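J.: Sequence:
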Amino acid sequence: MYGDFGLRDSKDRVCLFLKFKAKIYNFNLNGTDIALELADLSDTSVALNGFCALANEVTKHSFIEARWKQNFRKKALKLTFVEKYEELRQSSLLQLRWQLTKVVYEEIYDKSQSKKPIVFESSNETVVVSAPLHQSFVCKDSLNITLYNNKNQDYQPFVLELLPAIDMQPMNIVNGFGSNIYLCDRTRSRTLSESFQSQMTIVSGIVLGISSVGTLIGYSLRRLFLPARQQIYNSLG
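Using the numbering used here, you'd call the opening residue of the sequence shown number 156 and step up by one each time.
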């Protein structure tokens with residue numbers, strides 16, 4: 156069971172809250188075993204560093220990095236969150252939101268002579284995680300973020316898969332945070348679809364029930380008003 160993790164301010168208040176587990180898919184490996192589950196970032200063996208957004212910042216931004224050791228490799232995951240205006244899909248209005256604007260994943264192999272990390276990072280063109288400024292981002296479906304190595308084009312991209320349930324609030328946290336949530340588009344669409352299918356199942360059952368009752372009433376009336384056939388029906392009994 157994965158726990159939550161994050162950062163606290165100088166008054167020991169939570170100022171950056173995250174909860175998720177993740178897998179890295181390395182398409183540079185041969186074979187089918189290309190997925191590796193990352194460490195539990197809430198574990199005490201994982202070193203967390205970073206900073207929270209300040210209340211008086213003109214453009215708020217926060218940053219967190221997690222470092223750990225796994226399979227003879229030193230690894231790091233870095234997340235950058237920024238406050239930005241975002242155009243709403245259904246209108247031309249702009250809404251102030253926080254976004255996960257940059258994801259960086261690093262690996263250093265212990266036996267490497269250079270001791271230089273291999274770095275993969277997300278593109279600036281795609282925003283996978285975003286929510287209104289004072290809301291936490293909650294998703295009950297997996298989300299994929301593609302990571303690229305900008306120094307060596309021979310490397311195939313990595314894919315960071317965030318696994319449900321995902322819960323993030325990297326800035327503007329107040330007392331009772333988490334009560335005001337923003338449900339991700341994928342989960343919202345799936346929930347609406349499942350609700351619609353459930354309603355259609357109920358409606359179909361009602362229609363079928365009414366149809367069956369109507370059929371029975373029809374047979375009863377035919378027997379009542381057609382005596383000759385009623386005798387045939389009775390003889391069959």
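Worth flagging that the hints you see were computed from the coordinates, not collected in a lab. Be careful, since some hints might not be right.
Claimed, not checked - No farther apart than 25 Å at their CA atoms in a straight line, the calculated lysine-lysine pairs in the DSS-like style are these:
(1) Lys166 / Lys229
(2) Lys295 / Lys271
(3) Lys266 / Lys306
(4) Lys266 / Lys295
(5) Lys271 / Lys166
(6) Lys295 / Lys270
(7) Lys174 / Lys257
(8) Lys295 / Lys229
(9) Lys178 / Lys215
(10) Lys166 / Lys230
(11) Lys224 / Lys166
(12) Lys306 / Lys257
As the structure is a prediction and not an experimental result, all values here were calculated from the model.
J.: If a hint holds in the structure, say so; if it doesn't, say that too.
T.: Hints, one by one, checked against the model:
1. Between Lys166 and Lys229 the CA atoms are separated by roughly 31 Å; this puts the pair beyond 25 Å, and the hint is violated.
2. Among the hinted pairs, Lys295 with Lys271 is inconsistent with the structure: their alpha-carbon atoms are about 36 Å apart, more than 25 Å.
3. With a C-alpha separation of about 21 Å, the suggested pairing of Lys266 with Lys306 holds against the 25 Å cut-off.
4. Distance check on the hinted pair: Lys266 and Lys295 sit about 39 Å apart at the alpha-carbon level, beyond 25 Å; violated.
5. Taking the CA atoms of Lys271 and Lys166, the gap is near 37 Å; set against the 25 Å cutoff, the hint is violated.
6. At most 25 Å may separate the alpha-carbon atoms for a hinted pair to count; Lys295 and Lys270 exceed this at roughly 38 Å.
7. Taken as a hint, the Lys174 and Lys257 pair is honoured in the structure, with Cα atoms around 17 Å apart against an allowance of 25 Å.
8. With a C-alpha separation of about 30 Å, the suggested pair Lys295 and Lys229 falls outside the 25 Å cut-off, and the hint is violated.
9. Restraint check: the Cα-Cα separation between Lys178 and Lys215 comes to about 29 Å, which exceeds 25 Å; the hinted pair is violated.
10. Distance check on the hinted pair: Lys166 and Lys230 sit about 30 Å apart at the alpha-carbon level, beyond 25 Å; violated.
11. Between Lys224 and Lys166, the direct Cα distance comes to roughly 30 Å. Violation of the 25 Å bound is thereby established for this hinted pair.
12. Pair hint Lys306 plus Lys257 holds up; C-alpha atoms about 17 Å apart against a cutoff of 25 Å.
The structure is inconsistent with the numbered hints 1, 2, 4, 5, 6, 8, 9, 10, 11, although it conforms to all the rest.
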